[in-house]
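Asker: Sequence:
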Amino acid sequence: MSRKKINSGLVDQPKNGISTLFNQIKLGESYASLLLGIFVVIVASILIVTFVKNRAAENAGQIKQEIAAQSTQVKQDNTTYVVAQGDTLWDISDKVYKSGYNWTDIAKANNLENPDVVTAGTKLVLPVKVESKVEQKLVFAETPKDGASDSKSITQTNYVVQTGDDLWDIAVRSYGDGFRWTDIAKANNLSDPDLIHAGNNLIIPK
Numbered sequence: 001m002s003r004k005k006i007n008s009g010l011v012d013q014p015k016n017g018i019s020t021l022f023n024q025i026k027l028g029e030s031y032a033s034l035l036l037g038i039f040v041v042i043v044a045s046i047l048i049v050t051f052v053k054n055r056a057a058e059n060a061g062q063i064k065q066e067i068a069a070q071s072t073q074v075k076q077d078n079t080t081y082v083v084a085q086g087d088t089l090w091d092i093s094d095k096v097y098k099s100g101y102n103w104t105d106i107a108k109a110n111n112l113e114n115p116d117v118v119t120a121g122t123k124l125v126l127p128v129k130v131e132s133k134v135e136q137k138l139v140f141a142e143t144p145k146d147g148a149s150d151s152k153s154i155t156q157t158n159y160v161v162q163t164g165d166d167l168w169d170i171a172v173r174s175y176g177d178g179f180r181w182t183d184i185a186k187a188n189n190l191s192d193p194d195l196i197h198a199g200n201n202l203i204i205p206k
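Everything in the sequence shown is counted per my numbering, starting at 1 for the first residue and increasing by one.
It is possible that part of the hints are untrue.
What the hints assert, rightly or not - As a list, the in silico DSS-like pairs of lysine-lysine whose alpha-carbon atoms are at most 30 Å apart:
#1 Lys98 <-> Lys123
#2 Lys186 <-> Lys152
#3 Lys186 <-> Lys123
#4 Lys123 <-> Lys108
#5 Lys108 <-> Lys53
Stated by the list, open to error - Label pairs and their calculated CB-CB ranges:
#6 Gly176 <-> Gln62: 44 to 54 Å
#7 Thr163 <-> Val128: 52 to 62 Å
#8 Ala187 <-> Asn59: 52 to 62 Å
#9 Ala187 <-> Ala60: 53 to 63 Å
#10 Glu58 <-> Glu113: 44 to 54 Å
#11 Asn59 <-> Leu36: 56 to 66 Å
#12 Lys152 <-> Val128: 31 to 41 Å
#13 Asn201 <-> Ser153: 36 to 46 Å
#14 Val160 <-> Lys123: 33 to 43 Å
#15 Ile48 <-> Asp94: 57 to 67 Å
Simulated from the structure, these hints should not be mistaken for lab results.
From the three backbone atoms N, C-alpha and C, an ideal C-beta is built for every residue, glycine too.
Construct the complete structure from the given sequences, taking the supplied hints into account.
Answerer: Right, here's the structure in full:
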């Protein structure tokens, strides 16, 4: 009987060792899973924070660009030019817009009654968005100026320049609108509308 007890004890001992080993392995797996979970949470948190910061930086940059664009537009809308000695509206328009024909935009923006008279030192407002009149004709409807009598009206399609004439006056007498001098200048291929001489035969487009 005593021999059997000793043999039973020797047989049960390895089983207990294997069971302990399995328990240790399971415990190790639990710790590994816990550590892996913590690592995943940390990485995910870092990615989320980085994404939020990048989006915030992009939005801030876009807002700054919009503010800068608005500021630039305000500055452009307030562009001015100080008249220098010997300047004419044609010269100023040619410098700014690369087309002398746009002098009418400057005259309208500054409410100039007589565009032939600009004084050195005068500050002129220069409209930013204008269309080139070299390619496109712009017509400004105006009532005839006081003092333009019917006897001086030009109804023919041709006109011979008289001493003292200028394109503005001829346009007023032809159309009742001085700004339409550009039509006459274009129809006659005049590179400098200030240079017309008595005796010139001008085409008056109708």
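Asker: Each hint should be assessed against the structure and marked as holding or not.
Answerer: Okay, the hints, checked on the actual structure:
no. : hint                          : result
1   : Lys98 <-> Lys123              : holds (20 Å)
2   : Lys186 <-> Lys152             : holds (23 Å)
3   : Lys186 <-> Lys123             : holds (29 Å)
4   : Lys123 <-> Lys108             : holds (14 Å)
5   : Lys108 <-> Lys53              : violated (51 Å)
6   : Gly176 <-> Gln62: 44 to 54 Å  : holds (51 Å)
7   : Thr163 <-> Val128: 52 to 62 Å : violated (39 Å)
8   : Ala187 <-> Asn59: 52 to 62 Å  : holds (55 Å)
9   : Ala187 <-> Ala60: 53 to 63 Å  : holds (56 Å)
10  : Glu58 <-> Glu113: 44 to 54 Å  : holds (53 Å)
11  : Asn59 <-> Leu36: 56 to 66 Å   : violated (35 Å)
12  : Lys152 <-> Val128: 31 to 41 Å : holds (37 Å)
13  : Asn201 <-> Ser153: 36 to 46 Å : violated (18 Å)
14  : Val160 <-> Lys123: 33 to 43 Å : holds (39 Å)
15  : Ile48 <-> Asp94: 57 to 67 Å   : holds (59 Å)
In summary, the structure is inconsistent with hints 5, 7, 11, 13 from the numbered list given earlier, while agreeing with the others.
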